[in-house]
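Number of protein chains: 2
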Amino acid sequence: MEFGIQFFPDVGPEHKSAADYWGESLNLAEVADAIGYTHVRTVEHYFHVYGGYSTNPLTFLAAAAQRTKRARMVTGAILPIFNHPLKIAGEIGMVDAMSNGRLECGFARAFLPHEFATFGRSLDESRARFNEGIEQVRRLLEETDVTSEGQFHSFKNVTSLPRPTQTPRPPFWVATSSSTESFVYAAEKGYGVMTIPRPPATVRDWIDTYRTTWKAAGHEGQGKVMFATHMYCAPSRQQAIAEARPHLEGYFRCLHDASSDWLRVTSKDYPDHPSMIATDRRDVDSMLESDALWVGTPDELCEKIERYQKSVGGIDSASLQVNFHTLPVKLAEASMRLFAEQVIPKFRS
Amino acid sequence: MEFGIQFFPDVGPEHKSAADYWGESLNLAEVADAIGYTHVRTVEHYFHVYGGYSTNPLTFLAAAAQRTKRARMVTGAILPIFNHPLKIAGEIGMVDAMSNGRLECGFARAFLPHEFATFGRSLDESRARFNEGIEQVRRLLEETDVTSEGQFHSFKNVTSLPRPTQTPRPPFWVATSSSTESFVYAAEKGYGVMTIPRPPATVRDWIDTYRTTWKAAGHEGQGKVMFATHMYCAPSRQQAIAEARPHLEGYFRCLHDASSDWLRVTSKDYPDHPSMIATDRRDVDSMLESDALWVGTPDELCEKIERYQKSVGGIDSASLQVNFHTLPVKLAEASMRLFAEQVIPKFRS
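If you're matching them up, the sequences are chains W and D in order.
First residue of the first sequence: 1332, per this note's numbering; consecutive thereafter.
First residue of the second sequence: 1332, per this note's numbering; consecutive thereafter.
There's no promise every hint is true.
Identical chains share a label here; the pair holds if one copy fits it or two copies do between them.
[Said to hold, decoys possible] Pairs of lysine to aspartate or glutamate residues, derived as EDC-like cross-links and limited to a Cα-Cα distance of at most 20 Å, are as follows: (1) K1400 - E1355; (2) K1520 - D1351; (3) K1661 - D1588; (4) K1400 - E1361.
In short, the hints are calculated from the structure, not lab data.
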């Protein structure tokens, strides 16, 4: 099992300047790469404290690639619905080059109604735009002289530049939080899946479906599952919880606020979101008890991770949010170092 | 007078991989910053050896910012016609943060018909899309809660994130090669201008118009003029010409090929382009004689630059293409170092 770090800014100008947030994150990426974390990942969001400092994951990864030597640079995720496929393909080519072939591309459908509204996109076109976008980008990377007549974007005889550094292209991932359909889609296409904390039985079903579909599609191996969660590691449980807790609360408050439009809107492409948000209790106490949120001592985290692995059926890579909300960067770095020293070695294959 | 370097890839997979091109360029940027060049700049182009490795200047500058400490990071230029203003503003916010406030944003109308055709944009909308785009981006950076009803893009109550690191925003420039109107526009708005080698009398007229308009608009100072050209500096004239010449020829052949659609198309927004391309003789010999192309010994370049300065009326900053076409990077670096040692000090104010 591998461990990487994920930057998910949930701060706005009232908390921390973007220069401070990104400066700290680039320093953390440099440290992480040196002490054994195997990837650096970031998100695409807009116009809200929830992720809004990271409007283009490729922009950050271009920078992070200069501060790291070995770690893979992972988008988690690019949102085709808000981007032109010709732009995405061109930027992927640049970052794959500037990272010397270390780029991996996660794609997602997006899920925040306010982002759709501001870009003038319909929630009901979410799946169609995702499917068309990722397929057009795949073809632009793998093929030359590409012609595509899409519902949303069309182009003729295009050879996207730069050609990818990796052959035939950087590995693709599909990020999904609530849709069996997305796990099936990813498996059929031969892409990895990125998921987040959900009830373990549900996650196990999704991963089972993913691996069964993967094999049925005739791909080699069993695919790849990446799991993202918050991590905070300290010498005592009391210290870990006391230091992480207010910033976890800040993060979930921010997510809830960004998602609250679902109390007022519905969409055929997001059948479960209104009820998911309405019943979201943001109970940090029970989250801290669960095996899906990794806050504790090194020993506790080893146990949590082992139990979580057993309960969901095996994940290949964990993507750790280490500097959530306004957690002081010195604490984030100390936590990241302690985890690298005492937890990661237990899970090396 | 200041000197920076500009990366204008005019190579394709048949010449050099993008990993090699960008790897070499990032190394050159690091050296340039350390030896006194004051900016690093790159272009936005697509689908052709002429610039096509650089589909998003902000992506490169995010990386270059990590390899430099003092140099300004300059887009030369962003093309609003191929980009959503909400995306441009968000990425500017990220790169201004990741460079700790060292970003400067040049914008241009684009001029290659094949790029317009592939993106499905009309050449006749060039000026309208440019004007709307740069103005929407300016407002998104300077203001919060922005509403704009445009001909091409509209949005409501948007606060773009991240907010810029510089106040009120990174300096803006307008890149233009052939249009008096653009010099007037830039001066009225208080933006710098970026220009390229043209007949000196014409450039002098443009700069005069720019400065007169600048003062009439009530701005302080006299604005800023940035001039981009090729530079190759070697201990002897013979060596300089022998080493640079085939790569200059390669560059101009590539530009001519990328522009050749103008032999078949016309547009009200580009009245002079068809005749400009039709009469373009790409006479590298006479270019090498002119004061606008800087190939020679340090002494010769000092003289050329002084004469060029006198003939056009004073430029504030020169942006030097140092690694054009397939010029070996060791030669590019040696030339850049010699120029920094023996030419730049003569022009320090």
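Comparing the hints with the structure gives:
1. Taking CA atoms no more than 20 Å apart as the test, K1400 paired with E1355 passes in both settings, with 18 Å inside one copy and 16 Å between copies.
2. Neither within a single protomer nor between protomers do K1520 and D1351 lie at most 20 Å apart by alpha-carbon distance, with minima of 39 Å and 31 Å respectively.
3. Taking CA atoms no more than 20 Å apart as the test, K1661 paired with D1588 passes in neither setting, with 27 Å inside one copy and 54 Å between copies.
4. In this homomeric assembly, K1400 and E1361 come within 20 Å of each other (Cα to Cα) both inside a single copy, at 9 Å, and across copies, at 17 Å.
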